[in-house]
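Peer 1: Sequence:
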Amino acid sequence: MSFDRRKLLKGFAAVGAGAAASALPAEASPPKPEVPPDAFGMLYDATRCIGCRACVTACKNANGLPGNLYDPPEDLSGDTKNIIKVYDHGKTDESYVKAQCMHCLDPACARACMIGALQKREFGIVTYDPERCIGCRYCQVACPYEIPKFQWDTPTPVIVKCELCHHRISKETGKPMPACCEVCPREAVISGDYRELLAEAERRIAENPERYWPAGSPKIYGKTDGGGTQVLYLAAVDFEKLGLPELGEAPAGYEAAEIQHTVYQGFIAPVALYGLLGAVLWKNRRSAEKKEEE
Numbered sequence: 001m002s003f004d005r006r007k008l009l010k011g012f013a014a015v016g017a018g019a020a021a022s023a024l025p026a027e028a029s030p031p032k033p034e035v036p037p038d039a040f041g042m043l044y045d046a047t048r049c050i051g052c053r054a055c056v057t058a059c060k061n062a063n064g065l066p067g068n069l070y071d072p073p074e075d076l077s078g079d080t081k082n083i084i085k086v087y088d089h090g091k092t093d094e095s096y097v098k099a100q101c102m103h104c105l106d107p108a109c110a111r112a113c114m115i116g117a118l119q120k121r122e123f124g125i126v127t128y129d130p131e132r133c134i135g136c137r138y139c140q141v142a143c144p145y146e147i148p149k150f151q152w153d154t155p156t157p158v159i160v161k162c163e164l165c166h167h168r169i170s171k172e173t174g175k176p177m178p179a180c181c182e183v184c185p186r187e188a189v190i191s192g193d194y195r196e197l198l199a200e201a202e203r204r205i206a207e208n209p210e211r212y213w214p215a216g217s218p219k220i221y222g223k224t225d226g227g228g229t230q231v232l233y234l235a236a237v238d239f240e241k242l243g244l245p246e247l248g249e250a251p252a253g254y255e256a257a258e259i260q261h262t263v264y265q266g267f268i269a270p271v272a273l274y275g276l277l278g279a280v281l282w283k284n285r286r287s288a289e290k291k292e293e294e
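Residue 32 in the working numbering sits at position 32 of the sequence shown, with consecutive numbering throughout.
This list has only true hints and no planted wrong ones.
Beta-carbon label-pair distances, calculated as ranges: (1) Glu-182 x Gln-151: 19 to 27 Å; (2) Thr-154 x Glu-182: 22 to 30 Å; (3) Tyr-70 x Glu-207: 33 to 41 Å; (4) Pro-209 x Gly-174: 29 to 37 Å; (5) Pro-30 x Asp-71: 37 to 45 Å; (6) Leu-69 x Arg-168: 16 to 24 Å; (7) Glu-210 x Gln-151: 37 to 45 Å; (8) Arg-203 x Lys-171: 27 to 35 Å.
In silico DSBU-like cross-links for lysine-lysine, where the CA-CA straight-line distance does not exceed 35 Å: (9) Lys-223 x Lys-85; (10) Lys-241 x Lys-219; (11) Lys-85 x Lys-175; (12) Lys-85 x Lys-149; (13) Lys-219 x Lys-32.
Keep in mind that the hints were calculated from the coordinates and are not lab data. Computed from a predicted model, the values in this text were never measured in an experiment. Backbone N, C-alpha and C define an ideal beta-carbon position, used for all residues, glycine too.
Assemble the whole structure, with the sequences as input and the hints as a guide.
Peer 2: Shown next, in the form of structure tokens:
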């Protein structure tokens with residue numbers, strides 16, 4: 001017997017959201033996310049970026065993804081974890097921007113994942129476990145930055161997103177070595193201890209306040225946006241024009257968590273069915289992987 005997974009998941013989402021809407025308190029105060037003590041992060045300064053895309057190629061090489069500098073991708077995809085885009089609105093209003101996972105302090109993708117395929121682990125990095133993923137793609141719906149991508153063209157598809165090269169650990173520091181940061185000729189993107197990166201961003205603003213947006217009161221995007229992110233941005237152009245949404249200070253994962261909790265409390269049957277569906281999809285994936293190996 002066959003079934004339409006898209007329609008089934010859409011039905012679960014609709015019913016769960018309806019239950020959540022009736023059960024959520026009228027006024028809720030989301031708790032402020034805490035910065036992990038070992039938080040590792042990234043700082044991207046768009047005013048230093050020259051658009052060479054060396055970071056894109058380095059990322060692909062470090063993560064075994066197809067593509068090269070001479071055939072640059074246009075956007076994030078199942079084959080691309082980070083990308084350099086161009087915002088151009090006249091000579092006085094143009095900028096490059098680097099897109100990749102923001103590694104939120106309260107990640108909506110992890111909150112939305114009922115199976116725990118996405119979790120915030122060591123160094124505060126939001127990592128992905130394909131062995132747990134059932135392909136529901138709720139993470140894609142939940143992410144306010146539209147970062148997670150799904151591999152549609154493979155027999156055993158997975159979710160693809162930046163994981164700050166957590167598999168590359170430096171012998172000197174014992175921390176990840178993001179390939180994109182290693183190759184940037186202008187240090188437009190750097191990585192390290194989150195608190196040190198925040199201090200570096202504040203130092204750059206203090207030294208050249210006229211260089212950054214908005215004029216008169218430069219902002220570090222990610223310091224409080226969406227509850228805070230471990231990837232920080234500086235730019236000379238309005239962040240919304242660069243594709244970074246205006247989220248306020250409410251944690252990105254708060255709404256996803258409230259809906260999920262309501263579904264668990266008030267809709268035991270659909271959750272049980274969701275679990276059964278997950279088991280079926282997991283079994284099918286393992287069978288497909290076995291056939292592929294043979």
